[in-house]
Amino acid sequence: MAPAAALAPKQKVRQVEVHPVLSRSTLTPRQKRVVDTLGQEKLVAMYRQMVLIRSFEQRCEQMYQQRKIAGFLHLYMGQEALGVGFLNAARPDDYVATSYRDHGIALARGVTPEACMAELFGRVDGCSRGKGGSMHFFSREKNLLGGHGIVGGQIPVGLGAAFRARYLGTDQVSLVLMGDGAVAEGTFHECLNIAALWKLPALFVIENNQYGMGTAVSRALSVRDLTLKAPGYGIEGVTVDGMNLLDCYAVMEDAIARRRKSPSPILIEAKTYRFRGHSISDPGTYRRKDEVEQYQRVDPISQIKNLLDQLGWLGEADAKTLEKEVRQQIGKAAEFADASPEPDLSEVSQHVYA
Amino acid sequence: MAPAAALAPKQKVRQVEVHPVLSRSTLTPRQKRVVDTLGQEKLVAMYRQMVLIRSFEQRCEQMYQQRKIAGFLHLYMGQEALGVGFLNAARPDDYVATSYRDHGIALARGVTPEACMAELFGRVDGCSRGKGGSMHFFSREKNLLGGHGIVGGQIPVGLGAAFRARYLGTDQVSLVLMGDGAVAEGTFHECLNIAALWKLPALFVIENNQYGMGTAVSRALSVRDLTLKAPGYGIEGVTVDGMNLLDCYAVMEDAIARRRKSPSPILIEAKTYRFRGHSISDPGTYRRKDEVEQYQRVDPISQIKNLLDQLGWLGEADAKTLEKEVRQQIGKAAEFADASPEPDLSEVSQHVYA
Amino acid sequence: MDTQLITMREALNQAMVEEMERDSTVFLMGEEVGAYNGAYKVSQGMLERFGPLRVVDTPISENGFAGLAVGAAMTGLRPIVEFMSFNFALVAMDQIVSNAAKTLYMSGGQFPIPMVMRGPGGPAARVSAQHSNSLESLFAYFPGLMVVMPSTPADAKGLLKTAIRNDNPIVFIENELLYGVAGDVPKGEFLLPIGSAEVKREGRDVTVVAHSRMNHMLRSAEAEFLKAGIDLELIDPRTIKPLYIETIARSVRKTHRAVIVEEGHRFAGVGAEIADRVYTACFDDLDAPVVRVTATENPLPYAKNLEAASLPDVAQAIQACKAVLYRA
Amino acid sequence: MDTQLITMREALNQAMVEEMERDSTVFLMGEEVGAYNGAYKVSQGMLERFGPLRVVDTPISENGFAGLAVGAAMTGLRPIVEFMSFNFALVAMDQIVSNAAKTLYMSGGQFPIPMVMRGPGGPAARVSAQHSNSLESLFAYFPGLMVVMPSTPADAKGLLKTAIRNDNPIVFIENELLYGVAGDVPKGEFLLPIGSAEVKREGRDVTVVAHSRMNHMLRSAEAEFLKAGIDLELIDPRTIKPLYIETIARSVRKTHRAVIVEEGHRFAGVGAEIADRVYTACFDDLDAPVVRVTATENPLPYAKNLEAASLPDVAQAIQACKAVLYRA
Ligand SMILES: Cc1ncc(C[n+]2csc(CCOP(=O)(O)OP(=O)(O)O)c2C)c(N)n1
Ligand SMILES: Cc1ncc(C[n+]2csc(CCOP(=O)(O)OP(=O)(O)O)c2C)c(N)n1
Ligand SMILES: [Mg+2]
Ligand SMILES: [Mg+2]
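Residue numbers (my numbering), protein chains in the order written: chain A, 1 to 354; chain B, 1 to 354; chain C, 1 to 328; chain D, 1 to 328.
No lab work stands behind these hints: they were computed from the structure.
Note that the coordinates shown come from a computational prediction; the quantities given were computed from them, not determined experimentally.
Backbone N, C-alpha and C fix where the C-beta goes; we use that ideal spot for every residue, glycine too.
Each hint should be verified, as a subset may be incorrect.
Partial list, derived from the structure: chain C residues whose beta carbon lies under 8 Å from chain B [stated by the list, open to error]:
no.	residue
1	Arg49
2	Leu53
3	Val56
4	Asp57
5	Pro59
6	Ile60
7	Arg126
8	Val127
9	Asn166
10	Thr296
11	Asn298
12	Pro301
Only pairs whose alpha carbons sit at most 27 Å apart, straight line, appear in this in silico BS3-like list of lysine-lysine [stated by the list, open to error]:
no.	chain 1	residue 1	chain 2	residue 2
13	B	Lys68	C	Lys41
14	A	Lys68	D	Lys41
15	A	Lys332	D	Lys304
16	D	Lys41	A	Lys289
17	D	Lys304	A	Lys68
One side of the interface only, derived from the structure: several residues of chain A facing chain B at Cβ under 10 Å [unchecked claim]:
no.	residue
18	Leu7
19	Glu17
20	Pro20
21	Gly152
22	Val183
23	Thr187
24	Leu200
25	Ser218
26	Ser222
27	Val223
28	Leu226
29	Ala230
30	Gly232
31	Trp313
Extracted from the complex, chain A is given alone in its bound form:
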């Protein structure tokens, strides 16, 4: 026997990505532009969305402890800037497909907290009538194509929406979100090639939160910079600070604008971090406390909160009010979900076939 030499690099304390903290005085020209174009109202609204997602997920944790929610539960805390920044840069008639870590995406897409919470409770007013659960949020109204539980399984589906745009000659685009772990699946490769070959308006977004379950990216993928894969398909690749709302918005806004004119895919890697374990049942002990803390210091929400304060667009008091409003909204959503009935038993055999 050969010595039990590690195959992949050992999981050492990872080099934490550098995420400069937003501050009015140090805004980049691009960030300035975003602030100006968005303006107070929109930026505060986006901030509110992030807070909504955060509070929603916190409520989910409680609801899971109270057994109102069951099965797998993958939370979005830490990745809010990404979902909110990217999705707000898209149009309502664009398409979105994502993984099982879909609460934040659905909320950022405008699916109501009521419909989301009811889904988690397995009630008929859920966004999938209670039949999908946490991993399978769908909304025809919002062009949300799910909510997919098979890693990489949503990539071809999102690609299909981009194909449709090309087929009908519309200027819609398709946002295809995936985790870093999904990059190792064959679908990633097959779909990037097809999208590049046919010039489909697919925006492939890697939510690189540094881990696939307990596996650091360095133990799953052979390159550290995932945009290195883009040239292999002859497409554009961009890296963005996923903890930074303004940068995420800017990158997506620009990427979409150019694709509305002439379709083509792009690969966007957003460096982010999940504040919780992989799923509610994962203590996440494979990550050192200080590593988590380093990322909490660049919490995407507090970054914007500070900025809004510095801009004088949302002072301490208003911020408190906003948070209180959101908490009430979530409370209402939970009450709504609780009040919503389970699907009628006849639904067992409904929707098997159209």
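Following the hints, complete the assembly by docking chains B, C and D with the ligands onto the known chain A.
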């Protein structure tokens, strides 16, 4: 409806790759080195192998017309330099896995024409006891892991042999051959990532014969230079003239030598061309006559034949003799195959389980 | 009805062409379906007729383009995906099962998947182990999918047209060896309901159920059965799922005997399901246990004699009939 | 024999550890099997014990590493591939079917594939449509594969150890909800033959065949059956393929009645094959048609009430027994 605009680039008359013809006076330093290290005996032996493959395939065409061979039949004419050059650079204890276009590979690996022809006739003395047929040549003795009919299906298998070498700490390497069409399959991507991540001694060879069935590479893959994919995995990528025996040998010889010392994968794209249709039933009308002719002008076999003549290592007369000997050898192989019995009917239920 | 004598290949082509003329959201996608006119020429002339946007040549990425079709179907198109052969659908199994079959249900009814996956299945001639899978039982196992397998040109046209208009993901399995078989096919508009079995030959002695090529084989062997003194009643389920058992049960109540012939393997094959339903529906009518004729339990070998020994043939079917008639 | 009270999880772990101690060519590969000690902790402590070369964490590339294992098996190693759940084996279906199952045959016997693919299968608790597939009938369909599904810790240990030593590709399907169930397990060397069913409870009234969690569920419901006046004879096939029908047939010849309970879907499920064999072996002994209890024909929904309504339970099993006893 949008105008029926082509998705992929139209299949126009393809830019034929530039394949400089070998000639003693214009040998590159690398080619000179190969000639010197191989010497007359070995080089003539390799030439003989190429002729053997060519004649074997020609005989297969006849045998198919005579209904001695049935099912799918994919011929290797035009790609001989590649199979012979690459495999001769490997050691007998290295591993080889390839696609259904496997006759040339098996012969270059030293599987006898008798065993190959008997396999094609569906006889018990075939290299797979007549159970595999043209697409499924196997040889435990020669470490030939097949012969695979599912495009891209051999890639993980070949990777497994590389894993084994790493696991046992041997200095063996694994040659994993595939067509250009296989590059679009997910297995290509999954296996390159794993090989790179774990530093496995897998030599991934793309036999880029410009077409996957009737589809030109430009209509199947979004990049023209397939080695562009290597950096996406952080591995070495090399392009080589697949019509040139010396270059193929040199590239593989060097690639293997380095990996014996420290294992790691490499992606080798060999530009080649198949002189026949995809399979015996394919007239290949999607390729213009003049395109085929341009490649015939750089026929890998005549290139070496000329060189050997120029080197004074194999004159006209000797060449004739060699060809005659090979034809006789093939004739014997066909007779052997004809004489070999069909497998006993009891074999239907043998080898289902070990 | 005004009919034409055409091959199965032409019938399938006609069905696709008519439906694509009728509905601009229908498109064909697959390997070599366009410029090459199909590996088996089923899409002959379609690229020329409909252009490269509606007759799409794909790279060899089955899981990718099968899933692409699911996404296209979710967003309003009606894809026809051609698998060059269903053996290659194994590479796409995840998208077929996890997405095509389940999305309508998982989404609470929001996203129907109007999608046809078609191509040849089953053994062809001497193409060996990896190219000879009969996979109908695998697809039929999953709620959400429908499985259609015609054995005549007319059935092929009528069922494919219906399948393309149907709002569900449908696995439409053809047979390479039947592509060249000709038959009378109604011209123009002709639709057959999915889920209707047909008695292809009426008889008194024994009910024989067979689909796809096996039905064709037995249909063509009428003389041999008569010579063996067997007046068989031959039924073609035509759609494996939904399986219309009543036609079969009615026949068994008449003949009191049933034989099921399928080209696939035995273990949990389609015949196992049919047998189970026949026993349940006709327990008191059966005079003998149902006999199943299937492929032998081995991958299909290349050698001519071994291949022949592996696949069901007329002789075995006749033997089975004699067995249920207690004449063997 | 010296026994210990341990969980199914521990029994599986023990089997792997013992076999890896015994044979250095055996290794474990899969997602999170190493540093994370397994998504369900079945490989607890194994990385520490055997090191990263023999307990290998893989990227999320099922088709890739399943095929890698085939190649490793062809070249002399004995891989144990853990699928985090068998739902993800759908992505690897091609390597399992086209290569693992067929290579020995295609190569004329030159390359055996000594390989175990294991992990949890079937529905867990509220994990919805894509994570609840019962795929045993799919794997069992293909000649070349064996399918093993234990329902007790002892069977799990004895069968897994045998499977690891077996030279064939074996699909070893565990059940997440049984991982925590404890039972007496022989210490050390303990091997159970593949292909041996077991009568888990002797009874006179009706033969009930059930595998994996369904067998456990019925075993634990003895009282309810007695209360319903049913003295059931409960059989666990333990290995789906090869299926040892004799144990079942012997029982049916005694009880004259059979009920088959499985957690998977009905169409061409494992129960269809078992029913077919029972009818064939016991046609004249059966006093009633075999009744199958299965999951309903729909993807598994998330909603608690719908999930419960979709899966077989004790009440349905009792109903089925009454039906074959004509007491319903
Ligand atoms: C095909 C497949 N393999 C394995 C799993 C089990 N699994 C669920 S999530 C996950 C990790 C995915 O990590 P990543 O893609 O980075 O997404 P993240 O959870 O970090 O958002 C794994 C292995 C699965 N759901 N599907
Ligand atoms: C997964 C899969 N899809 C499709 C096919 C049908 N098919 C056989 S060969 C081939 C073309 C492959 O081309 P390439 O990889 O370039 O190899 P070449 O034939 O040129 O040597 C196709 C599509 C297959 N065998 N397997
Ligand atoms: Mg991740
Ligand atoms: Mg090619």
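Worksheet item: How about Trp313 (chain A): closest beta carbon in chain B under 10 Å, or not?
Response: violated, 42 Å
Item to complete: For the hint on Arg49 (chain C), just tell me whether its beta-carbon gets within less than 8 Å of chain B.
Response: With a minimum Cβ separation of about 10 Å from chain B (threshold 8 Å), the hint on Arg49 (chain C) is violated.
Discussion item. Restraint: Pro20 (chain A) near chain B, CB-CB cut 10 Å. Satisfied or not?
Written reply: Since the shortest Cβ distance to chain B is 27 Å, the answer is violated.
Item to complete: Using Cβ atoms only, decide whether Val223 (chain A) comes closer than 10 Å to chain B, and label the hint accordingly.
Response: holds, 5 Å
Worksheet item: Quick one, is the Gly152 (chain A) hint okay against chain B at 10 Å, beta carbons?
Response: holds, 9 Å
Discussion item. Min Cβ distance, Ala230 (chain A) to chain B: is it shorter than 10 Å?
Written reply: Hint holds; Ala230 (chain A) Cβ to chain B Cβ min 8 Å, cut 10 Å.
Worksheet item: Would the hint on Pro59 (chain C) stand, with a C-beta cut-off of 8 Å toward chain B?
Response: With Cβ-Cβ at 4 Å, under 8 Å, it holds.
Practice prompt. Verify the interface restraint on Leu226 (chain A): the C-beta must sit less than 10 Å from at least one C-beta of chain B.
Written response: The hint holds - Leu226 (chain A) has a Cβ within 10 Å of chain B, the shortest such distance being about 9 Å.
Worksheet item: Does Pro301 (chain C) meet its interface restraint, that is, does its C-beta lie within less than 8 Å of any C-beta in chain B?
Response: Holds, about 4 Å.
Fill in: Restraint satisfaction for Thr296 (chain C) [CB to CB of chain B, less than 8 Å]
holds, 6 Å
Worksheet entry | Hint status (Cβ of Leu200 (chain A) to nearest Cβ of chain B, threshold 10 Å) | Interface hint status for Leu200 (chain A): holds (8 Å vs cutoff 10 Å).
Item to complete: Take a quick look at whether Lys68 (chain B) and Lys41 (chain C) sit within 27 Å of each other, Cα to Cα.
Response: Roughly 26 Å separates the two Cα atoms, so the pair holds.
Of the numbered hints listed earlier, those contradicted by the structure are 1, 9, 19, 20, 31.
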